Amino acid sequence: MDTIDTNRLGLPNLGLGVGLRSKHYSHLMQNDPVVDWFEIISENYMNNFGYGRHVLSHIASIRPVVMHGVSMSVGSTDPLNVDYLKQLKQLADFVNPVWISDHLCWTGVANINTHDLLPLPLTVESMHHVASRVNQIQDILQRPLILENPSTYLEFESSTLHEWEFLSELVNKTGCGLLLDVNNVFVSGFNHGFDPEFYIRNIPHKSVVQIHVAGPTDCDTYLLDTHDQPVPTQVWRLYQLAQELTGGVSTLLEWDANIPEYPELVAEVQKAKEVLKGHLPNVPVSRTSAVDVISNPVDHQMQATYE
Amino acid sequence: MSELTTLQKWLTSIIVRPGMLDDKIRLADEHYQLKNDKVIRPSLRLSSKQKIEIYSKGYILRLLECMEAEYPALNKLLGQNLFHTFVKAYLVQLPPNSPDLYNLGEAFPAFLKGSQPQTNNLDIDRPMYDLPVDLAMFERCIAEVSRIEGLENKVEEVGDNQMPYLFNTTAIYTSPCLKLLNLQFPLVDFVQHVYNELEPETPVKQDSFVCICRKNYRVNFHELETWQWHFLNSLQNKPNYMAAVMDTASVCSIATDTIMADLILWVPVAISLGYVYLK
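For the protein sequence lines, the chains are A and B, in the order given.
Numbered according to numbering that gives the first Met the number 0, the first sequence spans residues 0 to 306.
Numbered according to numbering that gives the first Met the number 0, the second sequence spans residues 0 to 278.
So here's chain A without its partners, still in its complex pose (with noise of 0.2 angstroms):
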């Protein structure tokens, strides 16, 4: 698997990029925002006609846009909602995305949605389950989805596969790329005790289409996927020994909560560039002893502009 395929699906490496928040809303609406793409939550614009809307229309007129989801739910065992697969479908012909993404989880049953992004058990049973949503999916949307690997906190005894193994079998059985989170890989590393390199050099790199890097938090007993810390030294190393198996994919950086001012995050995903040529920030990862530290953090979507 150590050979470099730049396949990536014929998608383009876009370079560097960061996800749009409403915090820099009013930046971006004034000024150059000097990174190469953007990311957005779908959900958040999907049916929302104010002003996000309206910036997104902006950058989206200046710069490429990926729509990148949290509520595909593609493997839970509810139906597949096709509502939500159609509102889905109008925001990219509005937005006009260079793909659609959305993670390897599901978000609830019956229908409830939890909002969060809950694990797999990775078996065979879930590997048919998962093709076929992801097939329907595609052929709703069509093109290629684009399926991002979770931070997870808990494995089921029933699982038979590793995730590598599961998200390869997923690209042959479907043709979907992949978002190749090393901040989860690394994250899941830990928590479940495999090697974070061992999972990015098994994957599929021609099948990578982007890679996510962010901050987790150290919570002592286990990692959480927090996206509101710098991506520390582990987290680099990870993303600079992807970008040498892959040959260079689209790097997007996530930072959800504790979010900082927009000249300070373009200068955290600037590191990449210095990654790439061989020096390794120092950053520690982040550590809390608080009971109220939140994987996944949503709330950065509700956000209104009073006068």
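No lab work stands behind these hints: they were computed from the structure.
Quick caveat: nothing in here was measured; it's all calculated off a predicted structure.
A portion of the hints provided could be inaccurate.
[To be verified] To give an idea of the chain B side of the interface with chain A (calculated C-beta under 7 angstroms), a few residues:
hint : residue
1    : L3
2    : T4
3    : Q7
4    : I14
5    : P41
6    : R44
7    : Y58
8    : P95
9    : N96
10   : P116
11   : Y216
Cβ atoms here follow ideal geometry from the backbone N, Cα and C, with glycine treated the same way.
Start from chain A and add chain B according to the hints.
Just chain B, lined up with the frame of chain A:
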């Protein structure tokens, strides 16, 4: 039921159910005929239950943050502990079922209203129960107005000369993102203080006619005079301007001529704030 379906229902029931973790897991184990320590692989650092707890704790904390973001003034009024108590009860009664987080708080005002004790209007504690409900309705409207379709990119600015409407009142319509609230408390100052991170004064009970609207992507909210509120309300529901004038005159017991004269002065203001527009 497939094994995957059973596992998903088992874990979801633990995550969304209220109560102590051990009780929630025991009930789910019994109901789905599973044993948590045979379902979730323990590690050297964490037991099966501790791993499940990361998800069940995260579920509540994450949604509490979302509700705090949508209802900051209500959070301020109630204090965080009481606000969290209501939100947690709300999530138990109505677990989220939409992929859109903006739907999470949609039924919260009705939930608060339904949670009120049955008292009569003369009860001295009545305002204590009514005020949070009014405030929740107010903040929910703000959230909705910030996202629904408005007039941006659809209506050209009339500029300084807004008098042509006088010659063609059939062209006057209310904005699609105009929301009108008849409240029991004047809340505009309270909400503005909270949003500007100032210390608000708790309002005293008094009929309040509020308009929440958006223009050029900025949400504004103002207290209206009674007749202004009724005029906008009628214009939203009546077939035309004159029918709205007649209705307002009737409801407010004001002469039609007086309403029409006042509108000559006020409609330009309503246009500038985006309440109404000329088609």
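To see whether the hints hold, each was checked on the structure:
1. Checking L3/B against chain A: minimum C-beta separation of about 6 angstroms stays under 7 angstroms; hint holds.
2. Interface hint status for T4/B: upheld, as the beta-carbon distance to the closest one in chain A is roughly 4 angstroms, under 7 angstroms.
3. Among the interface hints, the one on Q7/B holds; its C-beta lies about 4 angstroms from the nearest C-beta in chain A, closer than the 7 angstroms criterion.
4. The interface hint given for I14/B holds, since its Cβ lies 6 angstroms from the closest Cβ of chain A, which is under the 7 angstroms cut-off.
5. Taking 7 angstroms as the C-beta contact cut-off toward chain A, the hint placing P41/B at the interface is violated, the least distance being around 9 angstroms.
6. Residue-level restraint check for R44/B holds (minimum Cβ-Cβ distance to chain A is 4 angstroms; threshold 7 angstroms).
7. Restraint check, Y58/B versus chain A: the minimum CB separation of about 5 angstroms is within 7 angstroms; hint holds.
8. Satisfaction of the interface hint for P95/B is found here, the shortest Cβ-Cβ separation to chain A being roughly 5 angstroms, below the 7 angstroms cut-off.
9. Contact between N96/B and chain A, as hinted, is supported at the beta carbon level, the nearest pair being about 5 angstroms apart and thus within 7 angstroms.
10. For P116/B, the interface hint is violated, the least distance from its beta-carbon to any beta-carbon of chain A being 29 angstroms, above 7 angstroms.
11. About 4 angstroms separates the beta-carbon of Y216/B from the nearest beta-carbon of chain A, less than 7 angstroms, and the hint is met.
Checked against the numbered hints above, the structure breaks hints 5, 10 and satisfies the rest.
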